[in-house]
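Whenever a hint applies, use it, and build me the whole structure from the sequences.
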Amino acid sequence: MYKLDQPPLLFEASRPGRSTAILPPCDVPVVPLDSLIPAEHLQKSAVPLPELSELDVVRHYTNLSSLNMSIDGNFYPLGSCTMKYNPKRNERLAALPGLGAQHPYQDDSTLQGMLAILHELQNDLAEIAGLDAVSLQPAAGAQGELTALFVAAAYFRDQEPDRKRTQVLIPDSAHGTNPASAHLAGFETVTVKSDSRGLVDIEDFKSKLSDDVAVFMITNPNTVGLFDPQIGEIAGLLHERGALLYLDGANMNAILGVVRPGDMGVDLMHYNPHKTFSGPHGGGGPGAGPIAVRAKLAPYLPSPMVGRREDGTYFLDEDRPLSIGRVRAFFGNTGVLFRAYCYIRSQGPDGLKRVAQHAVLNANYLLSLVRDVYPVPCGPRCMHEFVASCRTLAKDRGIRAMDVGKRLIDYNFHAPTVYFPLIVSEALMIEPTETESRDTLEAFAAALRAIAAEDADSLHDAPFTTPVSRLDEVKAAKTPVLRWTP
Amino acid sequence: MAYIANTPDDVRVMLGAIGLDSLDQLFDMIPPEYRLDRDLRIPPALTEFDLTRRVGALLARNEGADRRVCFLGAGSYDHFIPAVVDSLASRGEFYTAYTPYQAEASQGTLQATFEYQTLMTQLTGMDVSNASLYDGGSAVTEAVLMALATNRRAGRVVVAGTVHPEYRKILETYLTHLDSEVVTVPPQNGGVDPSAFAAAITPDTAAVVIQHPNFFGRLEDVAALVDAAHAHGATAIVSVDPISLGVLRRPDAYGADVVVAEGQGLGNPMSFGGPYLGILACRQDYLRKLPGRIVGQTADRNGKRSWVLTLQTREQHIRREKATSNICTNQGLLALRSSIYLAAMGPRGLREAAELSTRKAHYAAEALAKVDGLSLAFPGPFFKEFAIRCDKDPRAVLEKVGAAGFHGGVGLGRWYPELADHILVAVTEKRTKDEIDGLADAYRDALAAS
Ligand SMILES: Cc1ncc(COP(=O)(O)O)c(C=O)c1O
Chain F
1 MYKLDQPPLL FEASRPGRST AILPPCDVPV VPLDSLIPAE HLQKSAVPLP ELSELDVVRH
61 YTNLSSLNMS IDGNFYPLGS CTMKYNPKRN ERLAALPGLG AQHPYQDDST LQGMLAILHE
121 LQNDLAEIAG LDAVSLQPAA GAQGELTALF VAAAYFRDQE PDRKRTQVLI PDSAHGTNPA
181 SAHLAGFETV TVKSDSRGLV DIEDFKSKLS DDVAVFMITN PNTVGLFDPQ IGEIAGLLHE
241 RGALLYLDGA NMNAILGVVR PGDMGVDLMH YNPHKTFSGP HGGGGPGAGP IAVRAKLAPY
301 LPSPMVGRRE DGTYFLDEDR PLSIGRVRAF FGNTGVLFRA YCYIRSQGPD GLKRVAQHAV
361 LNANYLLSLV RDVYPVPCGP RCMHEFVASC RTLAKDRGIR AMDVGKRLID YNFHAPTVYF
421 PLIVSEALMI EPTETESRDT LEAFAAALRA IAAEDADSLH DAPFTTPVSR LDEVKAAKTP
481 VLRWTP
Chain D
1 MAYIANTPDD VRVMLGAIGL DSLDQLFDMI PPEYRLDRDL RIPPALTEFD LTRRVGALLA
61 RNEGADRRVC FLGAGSYDHF IPAVVDSLAS RGEFYTAYTP YQAEASQGTL QATFEYQTLM
121 TQLTGMDVSN ASLYDGGSAV TEAVLMALAT NRRAGRVVVA GTVHPEYRKI LETYLTHLDS
181 EVVTVPPQNG GVDPSAFAAA ITPDTAAVVI QHPNFFGRLE DVAALVDAAH AHGATAIVSV
241 DPISLGVLRR PDAYGADVVV AEGQGLGNPM SFGGPYLGIL ACRQDYLRKL PGRIVGQTAD
301 RNGKRSWVLT LQTREQHIRR EKATSNICTN QGLLALRSSI YLAAMGPRGL REAAELSTRK
361 AHYAAEALAK VDGLSLAFPG PFFKEFAIRC DKDPRAVLEK VGAAGFHGGV GLGRWYPELA
421 DHILVAVTEK RTKDEIDGLA DAYRDALAAS
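Residue numbers (our numbering), protein chains in the order written: chain F, 1 to 486; chain D, 1 to 450.
To be clear, the hints were calculated from the coordinates, so they are not data collected in a lab. The beta-carbon is built from N, C-alpha and C at its ideal position, and this holds for glycine as well. Since no wrong hints were added, every one of them can be taken at face value.
Taking lysine-lysine pairs in the DSSO-like style, the calculated list, with each CA pair at most 27 Å apart, reads:
#	chain 1	residue 1	chain 2	residue 2
1	D	304	F	475
2	F	395	F	193
3	D	430	D	400
4	F	478	D	304
5	F	206	F	164
6	F	193	F	206
7	F	164	D	169
8	D	322	D	169
9	D	430	F	44
10	D	433	D	370
11	D	400	D	370
12	D	289	D	169
13	D	289	D	322
14	D	370	D	430
15	F	193	F	208
16	D	392	D	370
17	D	322	F	208
18	F	208	F	296
19	D	400	D	433
20	F	208	F	164
21	D	322	F	164
22	F	478	D	289
23	F	164	F	296
24	D	322	F	193
25	F	206	F	296
26	D	289	F	475
27	D	322	F	206
28	D	433	D	392
29	D	322	F	475
30	D	169	F	296
31	F	164	F	193
32	F	88	F	353
33	F	478	D	322
Covered stretches of chain D, going by a simulated chain F footprint (3 or more residues, C-beta under 8 Å):
#	region
34	169–183
35	319–325
36	396–402
So this is what it looks like as structure tokens:
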């Protein structure tokens, strides 16, 4: 990130009459438009878009890009987001017309390469999950959650036509998408407490488990960075009641090839390939949210799925009468899935396991370098991430998690996730990922330690070296200005 | 080791600092009985060189719009993408950043998103736009959920049968689990009859969904359909083709309350169906129930204009089960691409794309209608896409047209059994007169041989 000033808005830079020649002249007879489309449907004046030269556009966006921190430029230890390196080799392959120029309704016979890749990916994701069937359709993790809950609801409608399971249990440490998805899927959400270790409070869980429960949504490793060893017991208790165990797979990076969700009793789960499998996050998206399920749930997965015929050819299987339907148009976020495929192929079985090992190694090493200054309430060890607390710093010195996050930017590091999960006060959720070097981790730890010794009053004004200083978020929400007006 | 920087020496030092002897001990929190005691059964690792060759070879087996002249549409279109879009959007500072949670370190993404929101309001005539949704199909559903929440009605939703069948399927899939009823008004002659539509709308109807141009490419009597919704106080949701807005009236002119669109055509590759861009813009009244991220303008400590994610109390990370939507990751990079596209095209370029598409589509319709065995399916005006009726089995005909080097159209039978002999043909500004004439010849030969 450079410390440039922001460029003017596109609209302010617009000059009447400027344009870029892009399209050719018309080579079919040019008849008056209103002889083709009745005048009542036609726009009388041009759309009020900005008018710019090509160089205007190039400078504008190049300068804007320089105002961002990014993985390519900075350590970006945003907890829960798995900001690992996004391999350039995948980008180059994804830019080939063999991907980009494929229309979703081409005949299957012209898509054999594409479908082979997607079919292999379905298989790989099933194997990594230890589950039986995979749908690649959901567009992001949150949509994967929702889709899986639709699948669960459809399964119960078939299994238990005479009654309705109305509840989904969710730990208080869960990501916000979990309860939001459960609500959208028509369930009532019931919160399960965490115990003092940061794990599921098993007694609270038992007290809330009833025949009304359809699904328990667990995140494991969970959002404080711990593996919950009670997961097998939890799965057993759920299964005794006929309920299902869902895994929020946002943290799969910690356990790739080490332990498989299906082997510890999980019935259905989503992946976040834009985290675990190195899909670039695009400044907000796109992601993808493939889901993996046990065989008994497979008939309910959305359509289509990729099938393979006896003769080795591939097809889109739409003939799935029990399917819940669909959650997005066309096949899925193929571009993101494709990058996940390239990543998995680049790693192989050993590589994936090494990813988990080094993600956990890096997190534990970083934890060991900072925990005397930033206590880790759910320590002393962690999986791929840990949640430090600024509670004592805030109490003793008035330094809050937000201040630390903002000040880190001046040290050229992106801030960790702050104030999540909700069960740790003044949370700094730090996930270094396996692609960072020991040197980077040490430099980051040094910055964190230095900040804790800085003057608290001045920290409230951080950052100091960014294109803008600390923003007034209250003003933005109170008097919303959501678009430019002349 | 792919993408891992730790050397054996680093590993030793780091394990020592943690107080462990082996990498394996890092996982001692995991009960041994669950641990995988074998390797994952996936193919072995490939180097960059091998990956590039192997995956490149697989991709080369596809025969898309790069290898056959593409007349496929039905919601995904082969529009031209200016080089600036790819060049700028592939800057690592954009595509390797996360959602702009830390505003001071993300002003690039934030300003670009604020500009995207503005461009969407300019394009649609609506008051506000969010920062993107998954795709045009899920945007329809999110718009309906927003209308249901805003209107606080029992929740009958009336949908034109000319809305993309997959969009309707998504809506059905979502609403099955909520207390809402979806009523579909079947198409007549490729359009929705305004009086049949009005008759389906009841006082407890919360929202109606219209697509214009519709799934068959035809223009609906959209003003009448919107009026019918308003007669009962229902929200009029209109799904549009953003390129069409280069020539067609802006949705505000006919009273739309919410405009949704598939933004793929605005500078995004077809990419076998995704990632795409869900556009959702609406009148101010819906703001509090708008799903997804929104960027707002504010000031920093020095009063300098700047941008930040705002109105987050609608969102899942604050409101959890009471959020307006569960969306978190959106389609930011696609929104960026579409903004760059519109900035590069400008008002004239967008108009050119729309006019060229219109003229070429009409030329193609005329050329195909002259082919023995083909006829235009529906009367009435259309934009860049139209349905033809084929006297012989469309599958066989399309296969022959394909062998001649054309993706000749999308058979409609899979969604509309009564239209099993119909083919949907889309024509963008990229298609030349020669290609269109070639398509007509290919159909002529295919029909003659069938
Ligand atoms: C733990 C957890 N669950 C779910 C999600 C939602 O995934 P997505 O943003 O892909 O919708 C996230 C990502 O933000 C997450 O961190």
